[in-house]
Amino acid sequence: MKKLVLLALLVSATSSLAYADNRCGGTQGVSCNGFYNRFDALKVLLEVENSTQDAEQNLAIVEAAQKRYNLNLRYVVDNFVHLQQALGGGGATADTRQAFNLILQALRGPRTLDMLVTSYIELLRAENSKEDAALNFILVAEKVSSSPASFSQANRFFTSLLLLLGNNHTNYARDVFSRAMFVSKTYSLTDLHTSFKMLLNTENSIEDSIGNFDLVLRGADRCGDLTKATLDFLQVLQQYSNSQTKEARNMFIRLYEI
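When the letters of the sequence shown are read in order and numbered with mature numbering (1 follows the signal peptide of the UniProt record, and there is no 0), they come out as residues -20 to -1, 1 to 238.
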């Protein structure tokens, strides 16, 4: 009986709350200061959950993360809830816990929890499925570890590739992303995106565009200038037309001696 009364009080206290993006401690400018205890946390978690049991289990997950990474409790709760809402609310408990675990695995160095949650949601919104979004997040975390780019920069680069190619071409986006991240110590992600977009706009297929991108990167390594290599290749391609990609590539290879 007491548990039912407590649940009614919790639901009543939180029924008017909205979570567009009012996370504390991030770029939203909301302060995490002030008294905030486990009861406050549970109220917020109950607002988006279907059962008290799930909310209590989520609280245990949140508290473990808070203690492990020495974070503010409200800050962790706000980010967990924001993530859960983006994934579908109370019907996405398992997905939220899985995504939150992936995010915590990527939490190191200058990366912040709110930035990683935002990055995950950006990938989620750009994709067709939660599964692809999770795999894309893992890929970004893996490739950025050996790149001078920040996590958010790499994440925006990946989402821009999805928008450019379409989220029905996720594997192609991953392919281009991996190639670009490999040379991101030499060329900026902005220049790499510009180069690939120019090549994509002049070809008949994504496959040919990726092959041309590989060749242009070899040319850029030869001349030390990605923009020049891109423009030179496009000029050669223009002479042959995009129905003669193989011939254009061979000519570029001969001219650049690569």
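Check the hints yourself; a few may be wrong.
What the hints assert, rightly or not - The calculated label-pair distances, taken between Cβ atoms and stated as ranges, are:
hint: 1; residue 1: Ser130; residue 2: Asn181; range: 41 to 49 Å
hint: 2; residue 1: Glu36; residue 2: Asn181; range: 47 to 55 Å
hint: 3; residue 1: Asp205; residue 2: Gly69; range: 47 to 55 Å
hint: 4; residue 1: Gly9; residue 2: Gln224; range: 52 to 60 Å
hint: 5; residue 1: Asn222; residue 2: Asp1; range: 41 to 49 Å
hint: 6; residue 1: Arg198; residue 2: Gly69; range: 43 to 51 Å
hint: 7; residue 1: Leu143; residue 2: Thr7; range: 20 to 28 Å
hint: 8; residue 1: Gly191; residue 2: Val10; range: 30 to 38 Å
hint: 9; residue 1: Gln8; residue 2: Lys208; range: 24 to 32 Å
hint: 10; residue 1: Cys203; residue 2: Ser11; range: 46 to 54 Å
hint: 11; residue 1: Gly191; residue 2: Arg105; range: 25 to 33 Å
hint: 12; residue 1: Arg198; residue 2: Gly9; range: 29 to 37 Å
hint: 13; residue 1: Asn148; residue 2: Asn181; range: 50 to 58 Å
As the list claims (entries may be wrong) - In silico BS3-like links for lysine-lysine, alpha-carbon gap of 30 Å or less:
hint: 14; residue 1: Lys123; residue 2: Lys165
hint: 15; residue 1: Lys177; residue 2: Lys165
hint: 16; residue 1: Lys47; residue 2: Lys23
hint: 17; residue 1: Lys226; residue 2: Lys177
hint: 18; residue 1: Lys165; residue 2: Lys47
hint: 19; residue 1: Lys110; residue 2: Lys47
hint: 20; residue 1: Lys123; residue 2: Lys110
hint: 21; residue 1: Lys177; residue 2: Lys123
hint: 22; residue 1: Lys110; residue 2: Lys23
hint: 23; residue 1: Lys226; residue 2: Lys208
hint: 24; residue 1: Lys208; residue 2: Lys177
hint: 25; residue 1: Lys208; residue 2: Lys165
hint: 26; residue 1: Lys110; residue 2: Lys177
If you're looking for bench data, these hints aren't it; they were derived computationally from the structure.
Every value quoted in this text rests on a predicted model; they were computed, and no experiment measured them.
Where is the CB? At the ideal position from N, CA and C, for every residue including glycine.
Can you list which hints this structure breaks, lowest number first?
1, 8, 9, 12, 13, 18
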